[in-house]
Amino acid sequence: MTASPIRSTVGKKILMAVTGILLVLFLVLHMVGNLKIFFGAESFDHYAHWLRSIGNPLLPETWFLWIQRAVLTFAVLGHIWAATALALRARAARPVRYAHRGKVQGSYAARTMRWGGVIILLFVIYHILDLTTGHLNPVGDKAHPYGNVVADFAPDRWYVTLFYTLAVVSVGFHLRHGLYSALRTLGQQTKHGERRARAFALGFAVVLCAGYLSVPFAVLTGLVG
Amino acid sequence: MNLTLRIWRQQGPQDKGRMVSYQVTDVSPDMSFLEMLDVLNERLILEGEEPVAFDHDCREGICGACSMVINGTPHGPQKMTTTCQLHMRTFSDGDTIDIEPWRAKAFPVIKDLVVNRGAFDKIIQAGGYISAPTGSAPEAHATPVPKADADAAFEAAECIGCGACVAACPNGSAMLFTAAKITHLGLMPQGQPERDSRVLDMVAAHDEAGFGGCTNAGECTPACPKGIPLATIGRLNRDFLAASRKRSGETATAG
Ligand code: HEM
Ligand code: SF4
Ligand code: FES
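Protein chains in written order, with UniProt numbering: chain P, 1 to 225; chain L, 1 to 255.
Treat the hints loosely; a few may be bogus.
Derived PhoX-like pairs (lysine-lysine); straight-line CA-CA distance at most 20 Å [claimed, not checked]:
#1 K16(L) with K111(L)
#2 K36(P) with K142(P)
#3 K105(L) with K79(L)
#4 K103(P) with K79(L)
#5 K105(L) with K191(P)
#6 K191(P) with K79(L)
#7 K16(L) with K147(L)
FRET-style restraints, in silico, Cβ to Cβ [to be verified]:
#8 S92(L) with A99(P): 19 to 25 Å
#9 M80(L) with A154(P): 52 to 58 Å
#10 T132(P) with N116(L): 37 to 43 Å
#11 S92(L) with L166(P): 38 to 44 Å
#12 T96(L) with F38(P): 54 to 60 Å
#13 C58(L) with V124(P): 50 to 56 Å
#14 L35(P) with K147(L): 48 to 54 Å
Which bits of chain L does chain P cover? Going by a derived footprint, with three or more residues having C-beta under 8 Å, they are [stated by the list, open to error]:
#15 34-46
#16 65-76
#17 166-172
#18 195-209
FYI, nobody ran anything at the bench for these hints, they're computed from the structure. As the structure is a prediction and not an experimental result, all values here were calculated from the model. We treat Cβ as the ideally placed atom computed from N, Cα and C, and that holds for glycine.
The task is simple: from the sequences and hints, build the whole structure.
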């Protein structure tokens, strides 16, 4: 038997873990970048423009950004493909449901990975149309991203902040189980290590949520404006 | 104790099946769960009805036969306990108890609460063995095993192949069972020759049987009557990664 590992359920999990970790690395960099908003409009806009020139003069303008986007797109597609394949398989594996459903013994984070992922995906699409392309932004001025962000989270657009918060909390739950799960998938194999992996995943998810939520709430409360 | 039981009745693989209610009276709290079902069945037989079919053999928690999901939990509410070792004192007078078979495509219902667990045999046949010369038993100290490995292997070897992990898993995955076998053999010096092919072939047989994939949801270990640790699945994953890497190296050089 020389079937490719990716055809097996374990192989799909490995793909999910590797692409998930790629996305997590991006999330960390993106959060650090977002926090520049606390250093003022100039600092934030300068950072946003710098993103377009990474790799200069080796790479022409915005090439790095496009390479990064290609890698992220590949990661998202691979991640969703594996998630969908495993979800369909799981459904087929239990054709008759239990009349009496027992209470969840594991974590709710683990049980909400699939629907949480869908929320994240919808948010990512909205987010790109809002702050990358500017189509859904009330200002949409590519030269001044700081102004776009401030306009986005204005108090009378509370529903934007609400959706953003919901999405960030979903990411937090997704990573609370996802990071622990990814470590296990990549070979974490002791009970002691399991406790550390769970603690790490929880801590990481909390810090990431706090970092991402600080921006809209700073705008909402007038700390940034 | 007087109880209401709602039991899954299904005449055969083709029957659709349904939950049927029964009253049982004068149940002693000292009875095991299976003895309580025996009492019900004796009455059903006297009344000329078909008794409830359920699997059982050792009735001492070591064979893994007594598969049933009790109130949504495989083997019932008591941790680390098979149905045969579960006593009626864990329930209260007047309780309603739901009893269902293991639910998985790979474990089709034969009758009532009895399912066909032949899929586990397929997984074992794919690699759950070692090749050893037969004959007289070898000297026990001929092959030293580090204490930590021996302990972890022994812990995994406690798996009785009952299938509660599958019944509990939201994905219908048999990864805990498969990982227990891989760990039990893979940590032993005697298990090394087949270590790589074992994990690849057993995972392939697992998938082939129609079990779902593991997503580390963590429902299996709490349901496992032997408490096989979740981390065991990490050992399977690690062996799978190592074996896949080696195999792709081999095909690259061979091809
Ligand atoms: C910000 C983007 C995302 C990040 C950082 C991320 C990260 C992760 C990580 C690290 C894992 C763990 C992999 C493993 O279990 O080994 C995971 C699992 C998963 N992700 Fe994502 N993910 C993201 C977006 C999505 C999206 C958009 C979807 C679906 C539409 C999705 C669906 C899933 C599912 C279903 C799982 C498996 C859950 C399980 O184990 O049951 N994820 N993700
Ligand atoms: S791992 Fe536990 S629950 Fe699964 S078959 Fe073995 S003993 Fe039963
Ligand atoms: S009948 Fe043997 S374990 Fe329950």
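Hints, verified against the model:
1. K16(L) with K111(L): It holds: about 11 Å lies between the C-alpha atoms, which stays within 20 Å.
2. K36(P) with K142(P): Measuring from Cα to Cα gives roughly 17 Å; hence the hint holds.
3. K105(L) with K79(L): Since the Cα atoms of K105(L) and K79(L) sit roughly 25 Å apart, the hinted pair is violated (cutoff 20 Å).
4. K103(P) with K79(L): 14 Å, holds
5. K105(L) with K191(P): Violated - the C-alpha atoms of K191(P) and K105(L) are around 31 Å apart, more than 20 Å.
6. K191(P) with K79(L): Given pair K191(P), K79(L) holds - Cα atoms ~18 Å apart, limit 20 Å.
7. K16(L) with K147(L): At roughly 51 Å apart (the allowed maximum being 20 Å), K147(L) and K16(L) break the hint.
8. S92(L) with A99(P): 19 to 25 Å: Distance hint for S92(L), A99(P) holds at roughly 21 Å.
9. M80(L) with A154(P): 52 to 58 Å: Holds - the Cβ-Cβ distance for M80(L) and A154(P), about 56 Å, lies within 52 to 58 Å.
10. T132(P) with N116(L): 37 to 43 Å: With Cβ atoms ~54 Å apart, the hint is violated.
11. S92(L) with L166(P): 38 to 44 Å: Holds, since S92(L) and L166(P) (Cβ atoms, about 42 Å apart) stay within the stated range.
12. T96(L) with F38(P): 54 to 60 Å: This hint holds: roughly 58 Å between Cβ atoms.
13. C58(L) with V124(P): 50 to 56 Å: For V124(P) against C58(L), whose Cβ atoms are near 54 Å apart, the range 50 to 56 Å holds.
14. L35(P) with K147(L): 48 to 54 Å: 49 Å, holds
15. 34-46: violated (count 0)
16. 65-76: holds (count 4)
17. 166-172: holds (count 4)
18. 195-209: Per the Cβ count (6), the hint holds.
In this structure, the hints that do not hold are numbers 3, 5, 7, 10 and 15, in rising order.
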